[in-house]
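Visitor: All chains, full assembly: derive it from the sequences and hints.
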Amino acid sequence: MAITRFTKWGATGLAAAPFLMWGAGARAELGLNMPQGVTAVSREVYDLHMLIFWICVVIAIGVFGVMFWSIFHHRKSRGAVPAQFHESTLVEIVWTVVPMLILIGMAVPATKTLVKMYDSREAELTIKVTGYQWRWQYDYLDQNVGFLSVLSTPTAQIRNTAPKGEHYLLEVDNPMVVPVGKKVRILTTAADVIHSWWVPELGWKKDAIPGFINESWTLIEKPGIYRGQCAELCGKDHGYMPIVVKAVPEAEFKEWLAQMQAKNKPNPKTANDDNSTVKIAGGQTL
Amino acid sequence: MSTASHAHDHAEDHGHDHGPPRGLTRWIYTTNHKDIGTLYLLFSLLMFFVGGSMALVIRAELFQPGLQIVNPDFFNQMTTMHALVMIFGAVMPAFVGLANWLVPMMIGAPDMALPRMNNWSFWIMPFAFTLLLSTLFLPGGGPAGGWTLYPPLVLQTGDAFPFVILAVHMMGASSIMGAINIIATILNLRAPGMTLMKMPMFVWTWLITAYLLIAVMPVLAGSVTMLLTDKFFGTSFFNAGGGGDPVMFQHIFWFFGHPEVYIMILPAFGIISMIIPTFARKPLFGYASMVYATASIAFLSFIVWAHHMFTVGMPLAGELFFMYATMLIAVPTGVKVFNWISTMWRGAMTFETPMLFAIAFVVLFTIGGFSGLMLAMAPADFQYQDTYFVVAHFHYVLVPGAVFSIMAAAYYWLPKWTGHMYDEKLGQWHFWLSTIGVNVLFFPQHFLGLAGMPRRIPDYALQFTEFNMMSTVGAFMFGFSQLLFAYNVIKTIRGGAKATDKVWEGADGLEWTLSSPPAYHTFTTAPEIR
Ligand SMILES: [Cu+2]
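For the record, the sequence lines run as chains A and B.
Reminder that position 219 of the first sequence reads as 219 in UniProt numbering, one-by-one numbering, no gaps.
Reminder that position 23 of the second sequence reads as 23 in UniProt numbering, one-by-one numbering, no gaps.
Hints are supplied without guarantee of correctness; some may be wrong.
[Claimed, not checked] Taking lysine-lysine and the BS3-like style, the derived pairs with C-alpha atoms no more than 27 Å apart in a straight line are:
| hint | chain 1 | residue 1 | chain 2 | residue 2 |
| --- | --- | --- | --- | --- |
| 1 | A | Lys263 | A | Lys246 |
| 2 | A | Lys236 | A | Lys263 |
| 3 | A | Lys76 | B | Lys502 |
| 4 | A | Lys236 | B | Lys231 |
For the record, the hints were derived by calculation from the structure and aren't laboratory data.
Guide: Shown next as structure tokens:
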């Protein structure tokens, strides 16, 4: 896996080569590229990312190729005599129009993906995610389930007095549990300052803004545990409020839900208490 | 032409003439564009080392996972201060300093149009930065909410808050005065025959930059004043609980912030457009298209601000508009790069230090442009936003972009300013160590961001360790090689081989017709323009 990623990135050449080598030996799962993720949307985002990346690589090879050829051949020490040409309307038009066409070629798939990401209709489950300094709260709105999710890495590991575990800083006490194969609507908001809810494997992040509710959705195909972090600076422990999403088969999800309903009432403290007005981004009402 | 300038060479001996007074008062009371240019440049160099030291604190903490050197709150103070110091203290004053030295000499003017205001706009800066840096010692420490000052987080700042706002106001006032002065100088003091379309590219890019500054610095001032009233006077501009909107701050801030990005790169474009023709011994390719491209970039910079905020939950139409507008910037930027390469094409190049920095600028700035294009794609930006990919992107355009152009300019014009050649060998060492260092520092950050490392965190998951270590090694390499630069500059000021008036074989422009160093007052009679 890492090897194919290396060949992709290796194309940038330039200064990258020496430390790519170093990285290769270090760790098998060393991340170099955006994950493809576990949803249809995340794969589309990945494909878009790779498409633009390769377009940039091709342009870079062309542009830098010409430049370095010139640097090598058109030097005074090789007896070059400077030409005196200094303008050409035709080439100026060409290198204005051609990039424009390339951009249109990139804008089309980007627009399609964006429209898809904005379509959160027909979700089968709605989870409200509230950011606090420095923890997340998950409320399953129609199921009467709510709980806080806090970093579970021991302080000793952070202070370097104990060896660090495998999921250092990416582990929580209560993960957000979702069923696979179901469209889940995720509403993000915050109670104090702005946070941002991000799980790379889902293909997006969305800001959690106090007094506002943002809407996103995901449909996870593969059971598994997916880890992320708060992405918007939110104060001193911004680096210590991870996100863990556990995607499980439908039956297992129902079982978990029943357990949760039995043992805890929804947490009474929600973002609404802290703000007298709640506006919905995009003008929708809930 | 140059005879006019020699008239004052002996002026220092005569009390009645305009030679510089001696001692400290020369610098405090000066209204001379060369003195003020020197002050700006030295101040900028000092701030470059202050901001750089903060960056090294950040990189040292990030060398390994876990907390080793600083606590998270101080870490956040360092990231916030590093940005404020580098943007407002190092990069912007460096360009203003270059404009002070060069604009009058390039357009054949005797001085800046408003010399007393010029003195004021510089002397505000040391006070603004003393104030800003002193907040690190206040109870609760310095600002830690990021240089973008987003509420509500920034409102949690301790006693430092009003001092930071005042410091930002002072920097803004200084920038606006500097910009007014540059516009007044360029529009009114050009020598007869120096039409707009004959102006050197550096003058053109600065003219456009100055308009950007006048347009957006008041917007920044307004937004930080609204923060101030939200904190102390009970307003709710950015507080949803009182009917306000925290995202509105981001819109206002980035309406300033995006043009600000171009304020830091357009003068760099100007510098590179001066240096490449000199060392290719061939005129700049597509002068007129360079001017139009600069103007287009400046215009577009006003309608792309929300690409910094793709994840705040804008309506679909808003996302699409800002995505398309942002992608458009690639076109005039591409034109610039193509023009520079066409200028090199079939030239007769030599590779003195300024040219090396200029070539590195073209390559590495373009890499920053590519990552910028990737970031413009809103759906992909949902992944990139607020990660080290963004950190890598803007450092590529700001460090081997803006900062390299300033270094190129320093080496290029230092012989003119001081009358001495700099140490070429040392310059080449500085160039290679900086270029290797900067790439080892910032290239791995692309990988970190793509693999999922958020920015502005003092500690990270284990899979990010190797690239962070590399980045830190690069940071110390880059940081310490700047000492070579400082040493080389000081050495050149104090002495060295005598520079000729033209300095560079392929140099072209009015400043090269003056003696090296130029007299204290130059072009007291306007030169003739061919
Ligand atoms: Cu947070």
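Visitor: Has the given pair, A/Lys76 with B/Lys502, been kept, meaning a C-alpha gap of at most 27 Å?
Guide: Satisfied, since the Cα-Cα distance of roughly 19 Å is no more than 27 Å.
Visitor: For the pair we were handed, A/Lys236 and B/Lys231, check the Cα-Cα distance against 27 Å.
Guide: holds (20 Å)
Visitor: Keeping to a limit of 27 Å between CA atoms, is the pair of A/Lys263 and A/Lys246 held or broken?
Guide: holds (19 Å)
Visitor: Does A/Lys236 pair with A/Lys263 here, judged by a C-alpha cut-off of 27 Å?
Guide: Outside the cut-off at roughly 33 Å; violated.
Comparing the model with each earlier hint shows a violation of hint 2 alone; every other hint is respected.
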